[in-house]
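Participant: Residues per chain, in single letters:
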Amino acid sequence: MFRLSRRTVLGSALAAPFVHRVRAAEGMLTLAAYSGIFEDNYRAAVVEPFMKANPGIKVVYYPAGSSAQTLGLLRAQKAAPQLDVVLFDVSVAKGATDDGLLEDISDLAVMKDLLPMAFTKGVAGAAGTFDNYVMLYAPDKVSPAPTSWKDFWNPKFKDRIAITAPPDIVGISFTLMANKAWGGGDYRKSVETGLAKIAEMAPNVLSWAPAPDPYTFIIQGQADLAVGWNARGQIYSASSGGKLAVAIPTEGSLFQINNMCLVKGAKNPGPAKRFIEYALGAEAQKAFTERMFYAPVNTKAQISAEALARTAATPERMANMLDIDWLEIARIRDGMAEQWRRRILTKR
Amino acid sequence: MRLPALLLGPALLVNLAIFIAPMANLAALSFHEARPSGGVGPGPTLATWASIAEDEYYIELVTGSIGVALGVTVLTLLAGYPLALFIHRAAPRWRNLLMVACISPLLVSAVVRTYGWMVILGDTGLVAAVLRFLGMAKPPRMVFNLTGVVIALVEILMPTMILCLLAGFGRLNASLEEAAASLGAPRWRVFMRVVLPLSLPGVLLGCLLAFVLTVSSFITPKLLGGGRVILLATEIYDQAIVTLNWPVAAALSVLSLAVFGLALLLYGRLLRMVEA
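Protein chains in written order, with our numbering: chain A, 578 to 925; chain B, 7 to 282.
Just so you know, these hints were derived from the structure itself, not from any lab.
Because the structure is a prediction, the values reported are computed rather than measured.
Built from N, CA and C at the ideal position, the CB exists for glycine as well.
It cannot be assumed that every hint is accurate.
[To be verified] Computed beta-carbon distance windows for the label pairs:
1) A/G847 x B/L76: 58 to 64 Å
2) B/L14 x A/Q659: 34 to 40 Å
3) B/S115 x A/K635: 34 to 40 Å
4) A/P732 x B/S115: 37 to 43 Å
5) A/D902 x B/A264: 38 to 44 Å
6) A/K735 x B/E184: 36 to 42 Å
7) A/Q659 x B/A264: 33 to 39 Å
8) A/Q659 x B/W100: 40 to 46 Å
9) A/P732 x B/Y243: 40 to 46 Å
10) B/Y243 x A/G847: 58 to 64 Å
[What the hints assert, rightly or not] One side of the interface only, derived from the structure: several residues of chain B facing chain A at Cβ under 7 Å:
11) G44
12) G45
13) I225
14) G233
15) T249
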């Protein structure tokens, strides 16, 4: 039996002004993901359609400069998380999982639709985007198109090369690809061959820290050859009117995975889970792939053949991917960066 | 307690809360150990400090940063001194105009000025074009290495240096120079024996500021150094933001604070020597 006491009446009357606010708070979530061109496209292809489909939920997009910055934020806010959903590099997500900063969401319904590759052992969450490592070049200066990672060693590109050095994963990946191209064997054992070869070509490199990014260096004509990620390369290739093009060398490439995770102790777990379901779902994956050419993680996403051809997910490219264990990389990353500083960056 | 001491209270409190406390926190962080992928281990331990002391890379980083800062300081002084002296001796109606012209670059942020130097010193920039015109087949590379960083830093620090020098020139007195000249001193000796000694306090202040600002400079080496110029500030950024090794970043911050402290100490000593 429900009895109205003076206390409940008084209590509800006092609480009344706040009830609405609590509801509103239930209908929002904060997402941290990459800034810049990624944010523009992710908002348009995923965030806004999600808000349209769920009018009660507002998504606040927190633009993060890098995965490491997102991890730093999670760690700093451990006692009172301000973020609900994060999208960041899988090796960084491993660190966050180990620190107990992420929630297990393997029970979400959408998980059964994802590719096996979307799950990394010992890492919470699941892949939200797949990307792959590419060569970037200026088609008007580099003709025919480059076909090998070894083209970076061609003296005709002296002072025309821009590569972001480690600890950035672009530089880590360059080391791995150089090691493979020059026959260095299993990277888990040693990347010595790659490091030695890079030290050899170091004087030919214009900048090891292209700012704001290597894509801009090529588009502005400062460099002719660079390395970067396929999705961004594809976007810039279209928007620059052909000043930049993307090539995948014959020695292959490697995958980069961004994991989508729920923050432990998130203030808005309900809306956050619903957002993750949507973002990993077929509709959002199709929309984002066709807009920014990240390969889809959802097996049910029906991607147009045209868009698919520009992602890493074509069968011939998939067959040529270097199998990278990013957790292994996280372990050897610091040592690699140190070798770079000693043997490559300071070389004149 | 006396009133003047009490009046210091608010400033002291603010300083304690927003400067001393965070600094102490930072120093404490350096006595923890970094764990893989950015974790911070339980402290206190000397492991981080030991790893820095044993690593010749960090020793070179500190000595290299100090070396670059000293070089930039000397070049800034050499470039700024004649200009400052010229402004000081200009007719009063020109003096203000010249001063504004010299100091106005301070109104433009160092980021913009660094990008400006990227264009000027680049392969297709003004300097390379002039060198080619003068017959140099392949001008040396002046961006994305130490050369570019030093040139840009000198230019960026010149207004600060000139301001300090002008403040120091207040003690110059034309009649002293005339007296020296009338006693037969040639112009260079007048400069060496009269002008320079009198302007030393300004020189010291300018050098202190230029040195401290170079050691802590971040944007210019980051943008113009092409990843090849690793100074204390850029390394702290990399460790804190990219590698997430906060203990090492904290230890390097404490080290750079110590370098500033030493510079201040030296400045105080030299100033007392000069004034005496």
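Participant: Hint by hint, say whether it matches the structure.
Facilitator: Here is what the structure says about each hint:
| no. | hint | result |
| --- | --- | --- |
| 1 | A/G847 x B/L76: 58 to 64 Å | holds (60 Å) |
| 2 | B/L14 x A/Q659: 34 to 40 Å | holds (37 Å) |
| 3 | B/S115 x A/K635: 34 to 40 Å | holds (35 Å) |
| 4 | A/P732 x B/S115: 37 to 43 Å | holds (38 Å) |
| 5 | A/D902 x B/A264: 38 to 44 Å | holds (41 Å) |
| 6 | A/K735 x B/E184: 36 to 42 Å | violated (59 Å) |
| 7 | A/Q659 x B/A264: 33 to 39 Å | holds (35 Å) |
| 8 | A/Q659 x B/W100: 40 to 46 Å | violated (57 Å) |
| 9 | A/P732 x B/Y243: 40 to 46 Å | violated (33 Å) |
| 10 | B/Y243 x A/G847: 58 to 64 Å | violated (38 Å) |
| 11 | G44 | holds (5 Å) |
| 12 | G45 | holds (6 Å) |
| 13 | I225 | violated (10 Å) |
| 14 | G233 | holds (3 Å) |
| 15 | T249 | holds (5 Å) |
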